[in-house]
Structures are given as structure tokens and as C-alpha cells.
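Trainee: Chains A and B, in that order, give the protein sequences. Using the working numbering, the letters of the first sequence map in sequence onto residues 1 to 101. Using the working numbering, the letters of the second sequence map in sequence onto residues 102 to 286.
Be aware that a few hints might be false.
To give a feel for the contact side, a few chain A residues facing chain B, derived at Cβ under 8 Å [said to hold, decoys possible]:
1) Arg26
2) Ser28
3) Phe65
Facing chain A, according to a computed beta carbon distance under 8 Å, are these residues of chain B, among others [claimed, not checked]:
4) Ile166
5) Val197
6) Gln199
7) Val205
No wet-lab data here; the hints were simulated from the structure. As the structure is a computational prediction, the values presented were derived from the model and not from experiment. Using N, Cα and C, we set each Cβ at its ideal position, and we do this for glycine too.
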Amino acid sequence: MNVPAAWYLILAAGLFGIGAFGLLTRRSALIMFMCIELMLNAVNLTFVTFSRTLNDISGQAIVFFVMVVAAAEVTVGLGIVVSVFRRRSSTSVDELSELKG
Amino acid sequence: MIAVIHTVPTLVFVTSALLILIGAIGVISVKNPVHAALCLIMTLIGVAVAFVAQSADFLAAVQIIVYAGAIVVLFLFVIMFLGVDRREHIHFEPLVGQRAFAGVGVAITIGGLIALMARSHWVSGASSVTTKLSAGNGNVRQLGTAVFTTYLFAFEVTAALLIIAVVGAVLLARRERPVASEEAA
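Build out the structure end to end from the sequences listed, making use of the hints.
Mentor: Here is the structure:
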């Protein structure tokens with residue numbers, strides 16, 4: 001018998017919270033991307049847990065698509081980081097303040 | 102409760118939970134970005150263990166190959182390409198009280214989620230709406246059938262999305278040629 005699904009859901013909630021805290025407090029764009037990956041993984045874990053609980057394959061299929069979108073997001077995001085670093089020699093998001101009103 | 106604690110699934114769950122939480126805390130607390138990427142690999146492997154424990158075999162393999170293999174390598178490549186592996190001032194707060202506000206907001210969110218799970222019937226909806234997870238049929242075969250029948254359109258759209266993302270990343274990261282060499286060519 002497997003452990004109760006609620007344990008996995010609480011673990012995923014904790015992982016999401018850690019990722020959100022890091023996203024809100026860290027300044028480096030690279031670390032912020034890693035925190036987004038943490039949050040995406042927490043959601044994936046929730047999908048797989050509900051897939052097992054509801055006895056349905058759809059949750060796992062959606063995790064597959066989330067992984068593809070995460071890969072695309074990281075590719076474009078790191079391209080933007082490289083492009084920004086060329087102009088300002090820094091990955092700190094606090095220095096990108098030209099659009100401030 | 103005592104009888105449950107000593108079973109193998111519980112040990113697997115505790116192992117994956119430790120890997121996930123220690124890795125995640127490492128990502129947000131270490132100063133060196135290279136170490137953060139290595140902690141991220143630890144978390145991703147923990148999530149893969151949790152996937153195997155819940156019989157999502159294909160996703161566990163993809164998690165290792167795509168996430169720990171490709172995405173983290175991409176992170177490390179960019180970190181070393183840019184040379185930003187010097188340390189960040191982690192205790193510097195541009196907005197006063199930012200850390201406390203973030204902590205309170207995250208605590209409220211997680212507390213709300215856990216309270217919702219504890220106090221209500223959190224699994225709602227009909228079970229096995231699309232395809233039943235039946236043991237012995239093979240996780241890869243089932244997932245492949247679902248992706249190539251029910252979710253075929255979404256699958257094709259993700260193919261287009263990946264092409265667009267790759268072309269966009271190449272355009273973004275390409276170094277612009279100086280005008281002089283363009284005229285010469």
C-alpha cells in the first residue's frame with residue numbers, strides 16, 4: 001500500500017512555498033529562474049498525485065506538457081538573460097529599471 | 102500509524118521529501134549560482150523518486166533526462182558562459198522588510214492550502230474520466246495512447262512552441278555584427 005496522497009500534496013505545497021519565497025527575495029535572474037523551476041515541479045508532483053488518486057492518466061499527460069513548456073520557457077528566459085548581461089554586465093533584476101514610471 | 106511508518110513506501114516518501122526539501126532550501130539560500138544549480142538537481146531527483154513511487158515511470162525518466170540532464174546543464178552553461186559564479190550579496194534588501202513580507206505571504210498561502218486539504222473533501226470529481234490507470238498495461242503505453250489520441254492537438258502545438266522557442270532563443274542570444282563587417286560582406 002502506498003502512503004496517503006495528502007502527504008505528497010503537503011510536500012508539494014511546501015516545495016511551492018520555498019520556490020515562491022526564493023522568487024520574491026533573490027535578486028539574481030538565474031536564481032529566480034531556478035525558483036520558477038521549483039514551483040513548476042511542485043505543481044507536477046500535485047498533478048501526478050491526483051492522477052494516482054483519481055485513477056486517471058490525464059494528470060500524467062498534463063505533466064508531460066508542463067515539462068515541454070518549462071523547457072521552452074527556460075530556453076527563451078536564458079536567452080534574455082544572456083542578452084541583458086551583454087548590455088549591463090549584471091544579472092541583477094534590480095538594475096533593470098528603465099520602464100519605472 | 103506505527104505499523105505504517107515501517108513500510109517501504111513510507112521510507113521512499115521520506116527519502117524523496119528530504120531530497121526535495123533540502124535541495125529546494127539549498128537553491129534559495131546558497132550564494133554561488135553553481136551550487137544552486139547542483140541543489141536544483143537534488144530536488145529534481147527527489148521529485149523523480151516521488152514519481153516512481155506513484156507509478157509514473159515515464160515521467161520519472163523524462164524528469165531525469167530533460168530536467169536534470171538538459172535544463173540544469175543549460176543553466177550551468179549560461180552561468181559559466183557569463184562568468185556570474187561570483188557571490189551575490191544575499192543579505193542585501195533593496196526594499197525594507199521585503200523578506201518578512203514574502204515569508205508572511207508564503208506562510209499564509211501554504212497554511213491556506215493545508216487547511217483546505219485538512220478540512221474539506223479535496224479530491225472531487227469523477228475518477229477515470231479519460232483513461233483508467235490500470236496496472237499491468239504499461240505506463241509508457243498508456244501515456245503514449247493518451248498523448249497521441251486525446252491530446253493530439255496539444256501535442257502538435259507544443260511541437261510548434263518548441264521550434265518557436267529555439268528560434269527565439271537563437272535570435273535573442275545572437276551577437277549583433279558590427280556595421281562595418283556587414284558592409285564589407
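Trainee: Compare the structure with each hint and give your call.
Mentor: Going down the list of hints, with the structure as the test:
Because the beta carbon of Arg26(A) sits about 6 Å from the nearest beta carbon in chain B, less than 8 Å, this interface hint is met. With a cut of 8 Å, the hint placing Ser28(A) at the interface with chain B holds, because the nearest CB-to-CB distance is about 5 Å. The restraint placing Phe65(A) at the interface with chain B holds, with a minimum CB-CB distance near 6 Å, inside the 8 Å limit. Look at Ile166(B): its Cβ only gets to about 10 Å from chain A, farther than 8 Å, so that hint breaks.
The restraint placing Val197(B) at the interface with chain A is violated, with a minimum CB-CB distance near 13 Å, outside the 8 Å limit. With its C-beta approaching chain A no nearer than about 6 Å, Gln199(B) sits inside the 8 Å limit, and its interface hint holds. At a threshold of 8 Å, the smallest CB-CB gap from Val205(B) to chain A is about 10 Å, leaving the interface hint violated.
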